[in-house]
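> The residues making up each chain are set out below.
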Amino acid sequence: MKIIADTSKCVGAGQCVLTEPALFDQSEDDGTIIVLNATPEGELVEKAREAVHVCPGQALSLEE
Amino acid sequence: MTTTEKHEFPMARTCPFAPPPAYEEIREEEPVSRVGLPDGGWAWVISRHEDVRTVLNDRRFSADRQHPDFPALVEGEAASRRPDEERFLIAMDPPEHGPARKAVLGEFTVRRLEALRPRIQEIVDGQIDALLAGPRPGDLVDSLSLPVPSLVICEMLGVPYTDHEFFQENTVKVIKQSTPPEERWAAMEAIQGYMADLIAEKEKNPPDDLLGRQIVKLRADGTYRRTALAGMGLLLLVAGHETTANMISLSTVAFLRNPEQLAMIKADPGRTLDAVEEMLRYFTIIDVATARLCVEDIEVGGQLIRAGEGVLALGHAANRDPRAFENPNELDIERGARHHVAFGFGPHQCLGQNLARMELQIVFDTLFRRVPGLELAMDVDELPFKDDANIYGLYQLPVTW
Chain A
1 MKIIADTSKC VGAGQCVLTE PALFDQSEDD GTIIVLNATP EGELVEKARE
51 AVHVCPGQAL SLEE
Chain B
1 MTTTEKHEFP MARTCPFAPP PAYEEIREEE PVSRVGLPDG GWAWVISRHE
51 DVRTVLNDRR FSADRQHPDF PALVEGEAAS RRPDEERFLI AMDPPEHGPA
101 RKAVLGEFTV RRLEALRPRI QEIVDGQIDA LLAGPRPGDL VDSLSLPVPS
151 LVICEMLGVP YTDHEFFQEN TVKVIKQSTP PEERWAAMEA IQGYMADLIA
201 EKEKNPPDDL LGRQIVKLRA DGTYRRTALA GMGLLLLVAG HETTANMISL
251 STVAFLRNPE QLAMIKADPG RTLDAVEEML RYFTIIDVAT ARLCVEDIEV
301 GGQLIRAGEG VLALGHAANR DPRAFENPNE LDIERGARHH VAFGFGPHQC
351 LGQNLARMEL QIVFDTLFRR VPGLELAMDV DELPFKDDAN IYGLYQLPVT
401 W
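If you're matching them up, the sequences are chains A and B in order. 7 is the number that the numbering used here gives to position 7 of the first sequence; each next residue is one higher, with no gaps. 106 is the number that the numbering used here gives to position 106 of the second sequence; each next residue is one higher, with no gaps.
Keep in mind that the hints were calculated from the coordinates and are not lab data. Check the hints yourself; a few may be wrong.
[As the list claims (entries may be wrong)] Quick list of the computed label-pair ranges, beta carbon to beta carbon: (1) A:T39 to B:R81: 45 to 53 Å; (2) A:S27 to B:R136: 43 to 51 Å; (3) A:E43 to B:R323: 21 to 29 Å; (4) B:P259 to A:E43: 26 to 34 Å; (5) B:P135 to A:S8: 37 to 45 Å; (6) A:S8 to B:D221: 16 to 24 Å; (7) B:Q168 to A:H53: 31 to 39 Å; (8) A:T39 to B:P135: 57 to 65 Å; (9) A:H53 to B:P160: 39 to 47 Å.
[Said to hold, decoys possible] Cut-off 27 Å, straight-line C-alpha distance, at most; resulting in silico cross-link-like pairs (DSSO-like, lysine-lysine): (10) A:K47 to A:K9; (11) A:K2 to A:K47; (12) A:K9 to B:K204; (13) A:K47 to B:K204; (14) A:K47 to B:K102; (15) B:K217 to B:K204; (16) B:K266 to A:K9; (17) B:K102 to B:K217.
[As the list claims (entries may be wrong)] Residues of chain B placed beyond 10 Å of chain A at every Cβ, according to the derived structure: (18) Q66; (19) G76; (20) P83; (21) E85; (22) R119; (23) P137; (24) L151; (25) V172; (26) K176; (27) E183; (28) A196; (29) K204; (30) P206; (31) G302; (32) G344; (33) G346.
Every residue, glycine too, gets a C-beta built ideally from N, C-alpha and C.
Bound-form chain A, shown alone (with noise of 0.2 Å):
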């Protein structure tokens, strides 16, 4: 699996963030999207499809 972000969309609501630190951080200047880990495995798999299903600009998609 591999996160794909479209930052054009972000909308900055850290809601990725809120479901999965570890896979999502947000920039300090204006709260976009920054992907820490693109490829989660395991257990990080069911958070990346919750952050994708709760992100209200619909920047993130999954390539499986």
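Since chain A is already given, all that's left is putting chain B on it; use the hints.
Positioned in the frame of chain A, the structure of chain B alone reads:
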């Protein structure tokens, strides 16, 4: 009302713990349907979870509430619009919206807010000390629900808390549906004037608070304008006052009515964040913030919506949609409710949502730990719920312990 509009909007709740009954009928029978508006116009209501998310994340639906055709939810609202005036963040569209939101987003990142946690805890503890030291029964709205978010947002912005009564009074006028338009406008102008004066003072030697840092940052970008920052400050102040306060009051009632759910968070405070999400879903205290104006023909839920038509994306109907939440009318803190739309969706999703989450989490963990014998001092049926406000909640919440 023409024959094509079966319902009038806004609709009142008939039970404090449920959306207006017609929401379910609309969602199940005609999920994209017309409703009559107070000024004689009409709009499309969007009531299914998936459709609400679609509308709120599609730029073909404009948030420009100063546009003459934007759906007016209060009588006389359209006439009081000033299309030439500065737009608040919530009324901006691209390309204006993105940069304006991003300029302030750095203040609301998860990491940044986490640094505020100890101070918020201190504020909550202080208010609970005062509640416990006061008479029984006490009013939870006065002692906890309102002061916690007010103190937090005042400190963040750098607004003297001694002035909070002034803007609290004016905020109530802004959100009450029955406020005459000219009075509503005067209240808005009063808070905006206050904010502009405060910012003018901060310009001289910008302090290390949100408004001061914005002055420095926007000046460096070459985009600083006092009126724009005053609008942002006003929005944060108003939004930071009434919303979280009402969620604290309503959720407290819900916890006390559902002791088995309360027992779960008392046994394991790690569950409080899930409980907060479920409370947000269950109460969805704002529906009216998600009106939009369609600017290009688009089909939603099988219905063609044309440019120039108004749309109301009903968050509360979406949050009770059985397609998205099993047994939606039940309060269940373990359901995993994070995909609710109580904070909206899309580019305008609530800026302060993670601050609200943190405040609610700290309040509930602390309140039920420190006041384990908390109970209502009035029958639920007699509690003064805000049936007449655009943000649902409680005027008072008498409690004892």
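> A separate judgement is required for each hint: does it hold in the structure or not?
Status of the hints after comparison with the structure:
Take T39 of chain A and R81 of chain B: their Cβ atoms lie about 50 Å apart, and the range 45 to 53 Å holds. Hint check: S27 of chain A to R136 of chain B, Cβ distance near 48 Å, so the stated range 43 to 51 Å holds. Taking 21 to 29 Å as the suggested C-beta distance range, the pair E43 of chain A and R323 of chain B conforms, at roughly 27 Å. Between P259 of chain B and E43 of chain A, the C-beta spacing of about 33 Å keeps the proposed range 26 to 34 Å intact.
For the pair P135 of chain B and S8 of chain A, the beta carbons lie near 56 Å from each other, so the given range of 37 to 45 Å is not met. The hinted range of 16 to 24 Å is satisfied by S8 of chain A and D221 of chain B, whose Cβ atoms lie roughly 20 Å apart. Between Q168 of chain B and H53 of chain A the Cβ separation comes to about 37 Å, which falls inside the hinted range of 31 to 39 Å. Range check, T39 of chain A to P135 of chain B: about 59 Å between beta-carbon atoms, so the 57 to 65 Å window is met.
Distance hint for H53 of chain A and P160 of chain B: a CB-CB separation of about 42 Å, consistent with the stated range 39 to 47 Å. With a C-alpha separation of about 20 Å, the suggested pairing of K47 of chain A with K9 of chain A holds against the 27 Å cut-off. Using a Cα cut-off of 27 Å, the hinted pair K2 of chain A and K47 of chain A holds, with the two alpha carbons roughly 13 Å apart. The straight-line distance between the Cα atoms of K9 of chain A and K204 of chain B is roughly 37 Å, outside the 27 Å bound, and the hint therefore fails.
Between the alpha carbons of K47 of chain A and K204 of chain B the distance comes to roughly 47 Å, so the proposed pair goes past 27 Å and is violated. For the hint linking K47 of chain A to K102 of chain B, the alpha-carbon distance of about 26 Å falls within 27 Å, and the restraint holds. Of the supplied pair hints, the one linking K217 of chain B and K204 of chain B holds, its CA atoms being roughly 15 Å apart against a limit of 27 Å. The hinted pair formed by K266 of chain B and K9 of chain A fails the criterion: a straight-line CA distance of about 39 Å is larger than 27 Å.
Between the alpha carbons of K102 of chain B and K217 of chain B the distance comes to roughly 12 Å, so the proposed pair stays at or under 27 Å and holds. Non-interface status of Q66 of chain B relative to chain A is upheld: no Cβ of that chain comes within 10 Å, the nearest being about 22 Å off. Every CB of chain A lies more than 10 Å from the CB of G76 of chain B, the least distance being 32 Å, so the non-interface label holds. With 10 Å as the threshold on Cβ separation, the claim that P83 of chain B sits away from chain A holds: the shortest Cβ distance comes to roughly 26 Å.
Even its closest Cβ contact with chain A, about 25 Å, leaves E85 of chain B beyond 10 Å, as expected for a residue assigned away from the interface. No beta-carbon of chain A is positioned within 10 Å of the beta-carbon of R119 of chain B; the least distance is around 19 Å. Under the 10 Å C-beta cut-off, the non-interface status given to P137 of chain B relative to chain A holds; the minimum distance is some 36 Å. With a least CB separation of 23 Å from chain A, L151 of chain B remains clear of the 10 Å interface cut-off, as annotated.
Under the 10 Å C-beta cut-off, the non-interface status given to V172 of chain B relative to chain A holds; the minimum distance is some 28 Å. Every CB of chain A is more than 10 Å from the CB of K176 of chain B (nearest about 29 Å), matching its label as outside the interface. At the 10 Å boundary, the C-beta of E183 of chain B stays outside the reach of chain A, the nearest C-beta of that chain being 34 Å off. Taking the minimum C-beta to C-beta distance to chain A, about 25 Å, the non-interface status of A196 of chain B holds against the 10 Å cut.
The beta carbon of K204 of chain B is kept farther than 10 Å from every beta carbon of chain A, the shortest such distance being approximately 26 Å. With a least beta-carbon separation of about 18 Å from chain A, P206 of chain B lies farther than 10 Å from that chain, consistent with its non-interface assignment. Annotated as non-interface, G302 of chain B keeps its C-beta farther than 10 Å from every C-beta of chain A; the closest such distance is 21 Å. Listed as outside the interface, G344 of chain B is inconsistent with that label: its C-beta sits roughly 8 Å from the nearest C-beta of chain A, within the 10 Å cut-off.
Not every CB of chain A lies more than 10 Å from the CB of G346 of chain B, the least distance being 6 Å, so the non-interface label is violated.
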